[in-house]
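Fit chains B, C and D to the supplied structure of chain A, relying on the hints for placement.
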Amino acid sequence: QPAFFDWLCRMGDNALILGHRLSEWCGHGPVLEEDIALANTALDLIGHTQMWLGLAAEVEDAGRSADDLAYLRDAMKFRNLKLVELPNGDMGVTLMREFLFDAFHFELLTALTHSTSPRVAEIAAKALKEVSYHLERSSDLVIRLGDGTEESHARMQAALERLWPYTGEMFAADAVDDAVAEAGIAPELAALLPRWQQTVDEVLAEATLSKPEQRFDAQKGGKQGRHTEHLGFILAEMQFLQRAYPGASW
Amino acid sequence: QPAFFDWLCRMGDNALILGHRLSEWCGHGPVLEEDIALANTALDLIGHTQMWLGLAAEVEDAGRSADDLAYLRDAMKFRNLKLVELPNGDMGVTLMREFLFDAFHFELLTALTHSTSPRVAEIAAKALKEVSYHLERSSDLVIRLGDGTEESHARMQAALERLWPYTGEMFAADAVDDAVAEAGIAPELAALLPRWQQTVDEVLAEATLSKPEQRFDAQKGGKQGRHTEHLGFILAEMQFLQRAYPGASW
Amino acid sequence: MSPEERAFQERVDRNEKIEPKEWMPDGYRKTLIRQIGQHAHSEIVGQLPEGNWITRAPTLERKAILLAKVQDEAGHGLYLYSAAETLGVTRDELTEKLLSGNMKYSSIFNYPTLTWADMGAVGWLVDGAAIMNQVPLQRTSYGPYSRAMIRICKEESFHQRQGYAIMMKMAKGTPEQKEMAQDALNRFWFPALMMFGPSDKDSVHSAQSMAWKIKMNTNDELRQKFVDETVPQAEYLGLTVPDETLSWNEEKGGYDFAEPDWSEFFEVIKGNGPCNEERLGARRDAWEKGAWFREGLTAYADKAAARRANALVAAE
Amino acid sequence: MSPEERAFQERVDRNEKIEPKEWMPDGYRKTLIRQIGQHAHSEIVGQLPEGNWITRAPTLERKAILLAKVQDEAGHGLYLYSAAETLGVTRDELTEKLLSGNMKYSSIFNYPTLTWADMGAVGWLVDGAAIMNQVPLQRTSYGPYSRAMIRICKEESFHQRQGYAIMMKMAKGTPEQKEMAQDALNRFWFPALMMFGPSDKDSVHSAQSMAWKIKMNTNDELRQKFVDETVPQAEYLGLTVPDETLSWNEEKGGYDFAEPDWSEFFEVIKGNGPCNEERLGARRDAWEKGAWFREGLTAYADKAAARRANALVAAE
Numbered sequence: 065q066p067a068f069f070d071w072l073c074r075m076g077d078n079a080l081i082l083g084h085r086l087s088e089w090c091g092h093g094p095v096l097e098e099d100i101a102l103a104n105t106a107l108d109l110i111g112h113t114q115m116w117l118g119l120a121a122e123v124e125d126a127g128r129s130a131d132d133l134a135y136l137r138d139a140m141k142f143r144n145l146k147l148v149e150l151p152n153g154d155m156g157v158t159l160m161r162e163f164l165f166d167a168f169h170f171e172l173l174t175a176l177t178h179s180t181s182p183r184v185a186e187i188a189a190k191a192l193k194e195v196s197y198h199l200e201r202s203s204d205l206v207i208r209l210g211d212g213t214e215e216s217h218a219r220m221q222a223a224l225e226r227l228w229p230y231t232g233e234m235f236a237a238d239a240v241d242d243a244v245a246e247a248g249i250a251p252e253l254a255a256l257l258p259r260w261q262q263t264v265d266e267v268l269a270e271a272t273l274s275k276p277e278q279r280f281d282a283q284k285g286g287k288q289g290r291h292t293e294h295l296g297f298i299l300a301e302m303q304f305l306q307r308a309y310p311g312a313s314w
Numbered sequence: 065q066p067a068f069f070d071w072l073c074r075m076g077d078n079a080l081i082l083g084h085r086l087s088e089w090c091g092h093g094p095v096l097e098e099d100i101a102l103a104n105t106a107l108d109l110i111g112h113t114q115m116w117l118g119l120a121a122e123v124e125d126a127g128r129s130a131d132d133l134a135y136l137r138d139a140m141k142f143r144n145l146k147l148v149e150l151p152n153g154d155m156g157v158t159l160m161r162e163f164l165f166d167a168f169h170f171e172l173l174t175a176l177t178h179s180t181s182p183r184v185a186e187i188a189a190k191a192l193k194e195v196s197y198h199l200e201r202s203s204d205l206v207i208r209l210g211d212g213t214e215e216s217h218a219r220m221q222a223a224l225e226r227l228w229p230y231t232g233e234m235f236a237a238d239a240v241d242d243a244v245a246e247a248g249i250a251p252e253l254a255a256l257l258p259r260w261q262q263t264v265d266e267v268l269a270e271a272t273l274s275k276p277e278q279r280f281d282a283q284k285g286g287k288q289g290r291h292t293e294h295l296g297f298i299l300a301e302m303q304f305l306q307r308a309y310p311g312a313s314w
Numbered sequence: 377m378s379p380e381e382r383a384f385q386e387r388v389d390r391n392e393k394i395e396p397k398e399w400m401p402d403g404y405r406k407t408l409i410r411q412i413g414q415h416a417h418s419e420i421v422g423q424l425p426e427g428n429w430i431t432r433a434p435t436l437e438r439k440a441i442l443l444a445k446v447q448d449e450a451g452h453g454l455y456l457y458s459a460a461e462t463l464g465v466t467r468d469e470l471t472e473k474l475l476s477g478n479m480k481y482s483s484i485f486n487y488p489t490l491t492w493a494d495m496g497a498v499g500w501l502v503d504g505a506a507i508m509n510q511v512p513l514q515r516t517s518y519g520p521y522s523r524a525m526i527r528i529c530k531e532e533s534f535h536q537r538q539g540y541a542i543m544m545k546m547a548k549g550t551p552e553q554k555e556m557a558q559d560a561l562n563r564f565w566f567p568a569l570m571m572f573g574p575s576d577k578d579s580v581h582s583a584q585s586m587a588w589k590i591k592m593n594t595n596d597e598l599r600q601k602f603v604d605e606t607v608p609q610a611e612y613l614g615l616t617v618p619d620e621t622l623s624w625n626e627e628k629g630g631y632d633f634a635e636p637d638w639s640e641f642f643e644v645i646k647g648n649g650p651c652n653e654e655r656l657g658a659r660r661d662a663w664e665k666g667a668w669f670r671e672g673l674t675a676y677a678d679k680a681a682a683r684r685a686n687a688l689v690a691a692e
Numbered sequence: 377m378s379p380e381e382r383a384f385q386e387r388v389d390r391n392e393k394i395e396p397k398e399w400m401p402d403g404y405r406k407t408l409i410r411q412i413g414q415h416a417h418s419e420i421v422g423q424l425p426e427g428n429w430i431t432r433a434p435t436l437e438r439k440a441i442l443l444a445k446v447q448d449e450a451g452h453g454l455y456l457y458s459a460a461e462t463l464g465v466t467r468d469e470l471t472e473k474l475l476s477g478n479m480k481y482s483s484i485f486n487y488p489t490l491t492w493a494d495m496g497a498v499g500w501l502v503d504g505a506a507i508m509n510q511v512p513l514q515r516t517s518y519g520p521y522s523r524a525m526i527r528i529c530k531e532e533s534f535h536q537r538q539g540y541a542i543m544m545k546m547a548k549g550t551p552e553q554k555e556m557a558q559d560a561l562n563r564f565w566f567p568a569l570m571m572f573g574p575s576d577k578d579s580v581h582s583a584q585s586m587a588w589k590i591k592m593n594t595n596d597e598l599r600q601k602f603v604d605e606t607v608p609q610a611e612y613l614g615l616t617v618p619d620e621t622l623s624w625n626e627e628k629g630g631y632d633f634a635e636p637d638w639s640e641f642f643e644v645i646k647g648n649g650p651c652n653e654e655r656l657g658a659r660r661d662a663w664e665k666g667a668w669f670r671e672g673l674t675a676y677a678d679k680a681a682a683r684r685a686n687a688l689v690a691a692e
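Protein chains in written order, with our numbering: chain A, 65 to 314; chain B, 65 to 314; chain C, 377 to 692; chain D, 377 to 692.
With the rest of the complex left out, here is chain A (with noise of 0.2 Å):
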């Protein structure tokens, strides 16, 4: 139950966290068309979020709601990637970020719509049917881009570079990730690997992009609530009002 819990908060806050990233766009993206994307894909997730933290709150069964877990936790207790709380930079790395996570999400949304429990498979469904578009989306402005001008291909690949050691968190499994999956409740993050890998494989191919040598996990920690320095500041932002006003209602 625990460890159910802390999955739950594991999957709402990587939504939370890359929805608030991407929000930070708005107005500001290079097209109106992206910048109307990016919302949306942001709402997407804001969307899940609730349906995960809300989950969790009911897991936990302390009174707490979805608003309390996004509204009140301290850096510490967030359970998000680093890979999703990385400053957005250019777009080509949100572009790239998103792609990255939107290959995994994907997976790992599809292999939960089997889940044991009836609840996320139901959240799953409906989170599967953004993420494919999400996915779609994403992998095809990294091809665009990568295989666009000099410059644009250039800044995909620095933007794959940064972002690659961040990648192998998503599927180095603790033991929270066992427990869920010993229940069924989620699949084994290590057999996700293959099908990332070659839906990776082949959007970098086709973008004419070159796959880093570099470790794609180095960077590890955040779902174990060891974070960048990054995640302190978007929570001050994101927090204000509930912890300025403690009790009010919006």
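Worth flagging that the hints you see were computed from the coordinates, not collected in a lab. No experiment lies behind these values; they were computed from the predicted model shown. Where a beta carbon is used, it is the ideal one built from N, C-alpha and C, also for glycine. A couple of the hints might just be wrong.
[Unchecked claim] A partial selection of chain C residues facing chain A, derived with a Cβ cut-off under 8 Å:
no.: 1; residue: Thr431
no.: 2; residue: Arg432
no.: 3; residue: Gln447
no.: 4; residue: Ala658
Chains B, C and D only, in chain A's frame:
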């Protein structure tokens, strides 16, 4: 008394917010000497904050401390000038802002050493020593960068244009300023303007910079709690720990 | 009036819609491009003051609602740019004009959003005033514009209700929340009144635009209507409209109210508003930093087209 | 050994200080440049993890103390670069080597500061380990380096006490604060042990450096000393050192403790630490963005010199 409190908050908040902005440069300055000088100026300003807000808390006599005032007021209750909350921009903007403020700060503190309030006079005398040095340094750098390369000249001129509309607020007296002036606590703000103008004119001339033609008082309201959108983000960051862990001792 | 012009005016008078490829007077086309373009720009720039609070929205639900709203605004920008494009101007041309300062956007977006209550006030007052302007424009003479307005008005009135709901929460909330709500009303009241433009007597181009049904009501008519609808809403919230002269005028069946400070209005238009520099700066920055992105997509499209052409040649 | 080298070594053995203009072996000079340079770089990069919390310091007093501390570190960087410059290398040359990755800085600064307790842990453990390394270096053979160390050690021990004071507040504070304190100790313990370098048996260059009195103690000696001093301090705080094997060894009069994970150490040195990219990125960024500033000051200095020269000519 409420006017005195408000006025003391203005003094303290200017120091606090400008100190905050300068401290953002820590470790990111263009040369080591500059890193040190900016940290030192920030440190002086935080010291002034402690004195002004400390006195404000005493005058208010409502059980609040200087830290309470710094960490538990939201933006509407902050009384600093808009000038000091603007983002740092490049080092040109940062130094030009310092100069424009230092030149005012110097005149103001000089006058305050003759305050009818011995406490105010005492704080002003302490702060004046440091601010004399701030002004000396920022004038010198404005001159050297204004009369440096073409690029440094252009950046300093751009910084001046950007900041100019925010300078008039320093001299725009309202009921609070009138009340403390009448009580002999503080000078008439308008009386400080000629000497400020003279300092600015002299330094800009030597820096080969042109005084902007726009209005110098288009941007006001900070002293009355109507700020720019930037202040809220400063406070979210600055106040995080006090807000997240109410009542904790640090 | 030439025979063509007369025939055109008669169609307008009969409430027929003018469609893109049909003949229209040059002035009609130019005025429409200016008006629709400025409206589009306003939607785009209008993302910024509300976007400012997305990352700080106080609950997940409020965050989702705000995101959806800002996204709608970008969508409105899209419809409107498309409508303008039917008049023979490209979106990029219009954007360049915005960024160079040759075209304006609504001055209201040069005011800052300082507390969460402003998310309420913007929805309630700013969208409210916008709707007041836009509802009649659903019947405007230019077909694509009229159709864009119909879509937009539907969404805007939804936004206005959401804004009012936020104001309600704030006005009925803690003392601090109520203070924020009142402060937001204080700050946005007069700028909202300015959204209808200067008094009719000072307004240029109005008569011709009204004859062409590009403008359907006078500025003063709309402003009066707005005040009459909004004052009772403020009362219901328990908030005070920041106008001491406000009073019900039985005879005219509407409120008497103070004019906004038009010198402030003209200062803001001149660029001296609280956020002109931030707003246009943000848009310029987005445009400049996005150049590589747009160029990348174009280059890919060109390559893809060339590849398809080559494939066709090879197949023959 | 040449006669010069022999004479040099005898001076070192007699604890005479070597001064800048005096003869010294090439290897001595090079090793010192590397060591002092890396130490200087560590002070500069070391501003970043603590700088990360200045804007979020929880009280005005803590903010002032932290600002002063980070400022001291920059000052230490200055002394050390000056000491290195006496060996015939410029600060800019050293900086370029740092930024290109050809010179290192202490790996400890590649770890993030995640909570306010880290401001305590860094002062207590990181400055503590640094002092342990530096105190003996006050007696190092190279005069300018020795004098820099004397100044630095005085300030560092002040910093260490401040860090310990923060830990005390946290460890004796609310349950959340205590949790942060324990977590900080958990994260910084082994990286602090790594600060003394690999075990003596794996350490290159050590013997020569010790003969030259550039290095005064072996890595393992210092590490043991650090553990022996620090463990009781942790106990006094009521915190648990994250080493289950830790135990008092009566016979050796010191603690037995677990070695850090040296593969992690080498990974961090290779660039795979949690913050390598951020730290070096921040310094590169500062350097690049500051180019116009440095060039501006240089240009002004040149102009001013020319003006003085002209004035002299005119006066003659």
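Hint by hint, here is what the structure shows:
1. Thr431: Hint on threonine 431 of chain C: holds, closest Cβ of chain A at ~5 Å, below 8 Å.
2. Arg432: Holds, about 6 Å.
3. Gln447: 4 Å, holds
4. Ala658: It holds, given that the least Cβ distance between alanine 658 of chain C and chain A is near 6 Å, below 8 Å.
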